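Trainee: Throw the hints in and build the complete structure from the sequences for me.
As they're listed, the protein sequences go chains U and E.
Taken in order, the first sequence gives residues 1 to 168; the numbers are from the numbering used here.
Taken in order, the second sequence gives residues 1001 to 1162; the numbers are from the numbering used here.
Please note: incorrect hints may appear among the correct ones.
Claimed, not checked - Calculated pairs, SDA-like style, for lysine to any residue (alpha carbon to alpha carbon, straight line, at most 20 Å):
#: 1; chain 1: U; residue 1: Lys68; chain 2: U; residue 2: Gln126
#: 2; chain 1: U; residue 1: Lys26; chain 2: U; residue 2: Ala91
#: 3; chain 1: U; residue 1: Lys59; chain 2: E; residue 2: Leu1067
#: 4; chain 1: U; residue 1: Lys68; chain 2: U; residue 2: Ile79
#: 5; chain 1: U; residue 1: Lys26; chain 2: E; residue 2: Thr1143
#: 6; chain 1: U; residue 1: Lys26; chain 2: E; residue 2: Gly1152
#: 7; chain 1: U; residue 1: Lys59; chain 2: E; residue 2: Ala1062
#: 8; chain 1: U; residue 1: Lys59; chain 2: E; residue 2: Pro1056
#: 9; chain 1: E; residue 1: Lys1158; chain 2: U; residue 2: Ala167
#: 10; chain 1: U; residue 1: Lys26; chain 2: E; residue 2: Ile1151
#: 11; chain 1: U; residue 1: Lys125; chain 2: E; residue 2: Gln1057
#: 12; chain 1: U; residue 1: Lys68; chain 2: E; residue 2: Met1061
#: 13; chain 1: U; residue 1: Lys68; chain 2: E; residue 2: Leu1052
#: 14; chain 1: U; residue 1: Lys59; chain 2: E; residue 2: Val1054
#: 15; chain 1: E; residue 1: Lys1158; chain 2: U; residue 2: Gly165
#: 16; chain 1: E; residue 1: Lys1116; chain 2: U; residue 2: Phe57
#: 17; chain 1: E; residue 1: Lys1116; chain 2: E; residue 2: Met1061
#: 18; chain 1: U; residue 1: Lys68; chain 2: E; residue 2: Ile1135
#: 19; chain 1: E; residue 1: Lys1158; chain 2: U; residue 2: Pro162
#: 20; chain 1: U; residue 1: Lys125; chain 2: U; residue 2: Thr135
#: 21; chain 1: U; residue 1: Lys26; chain 2: E; residue 2: Val1097
#: 22; chain 1: U; residue 1: Lys26; chain 2: E; residue 2: Tyr1150
#: 23; chain 1: U; residue 1: Lys68; chain 2: E; residue 2: Gly1053
#: 24; chain 1: U; residue 1: Lys59; chain 2: E; residue 2: Leu1060
#: 25; chain 1: U; residue 1: Lys10; chain 2: U; residue 2: Gly84
#: 26; chain 1: U; residue 1: Lys26; chain 2: E; residue 2: Leu1147
If you're looking for bench data, these hints aren't it; they were derived computationally from the structure.
These numbers were taken from a predicted model, which means no experiment stands behind them.
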Amino acid sequence: MWPIINGLSKWLMTTQLSHDMAGGWKWGWATCETLHFVGLCLLLGSIGVLDLRMLGFAKHIPPGAIHKFVPWGVAGFAINLITGSLFFIGAPFQYVKNIAFLFKLIFILIAGLNIMYFYIGGVRKQIENLGPEDTPPLGARVVSWVSIIAWFGVIYWGRMLPFVGNAF
Amino acid sequence: MGDIYQAMENTGFAFWVRESGSLWSYPLILSFHAIGMGMLVGFNWALDLRLLGVAPQVPLMAMERYLPWAWWGFWLNAISGVILTFADATTKMTSWVFGVKMSLIVLAVIVLIQIKKQVFVKHTSDGKVLAAISIALWAFAITAGRLMAYIGPVSGLKGVTN
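Mentor: Listed below in structure tokens is the structure:
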């Protein structure tokens, strides 16, 4: 596995995009960092309103209605996937040898599997027809807790990148 | 003033936060600051989006229930932010970018309070203009916060990661 990661990282560093991100484009890194935080807020807020409703807060809101915020959370994730990939392309060796990065990816994977379970495992259907005041089923509450813990974990390990490893 | 900032920076707690090298000091406080930002700006943006017409089936008045969660984020960041400021006081307190960031946050919080008053308490506004201003102010505040690592005085203190 390592030779492949190593080779890919070395190849990435030969690309023009990598040079641009690593200083060629003067404000590239700072711009992407700022957008990464904007994406973080958009994701956490848009998913957070659904999670909290599924935990029983804001009960006047029909869960099916608050679900309309999900595309905005997806937009936040897309911003962060793009900017995050640009960091990786710009300085791959800050990440491939960084245990915090591995933990961050694991937490993103947990969040992703949790979302898959929400849609494919039937939880989405269960909450769709809940009215205001209805208490969500156990499955929905578990999905919400996993979501909150997973995204907090992603933020925590992202913030640890410069301290545990060598990323700036 | 410089003496005061120096004294802030040299308090035992500020010194420990900055230079202990422990993952439970500066790094943990910084991650709290990121999570608090996500809660405060995230829930505020969700409210703004609803005011601007997203998810119209959500009863507008019920969105007020999310405001306390934005405030939890605010207080988490007020506390973690004060600690981070103490740890790097000579740089932060003399940085004009830091001043811009704080001013933008004050304005954004004033707008949030106005949304609460005009939309949820007095019902005198649909909140659309306030929501648009709110979205922009938080985006600028985040930008200013990030630029503190690049513009103006940037800390060279041991343990401070910009």
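Trainee: Hints broken by the structure, by number, lowest first?
Mentor: none
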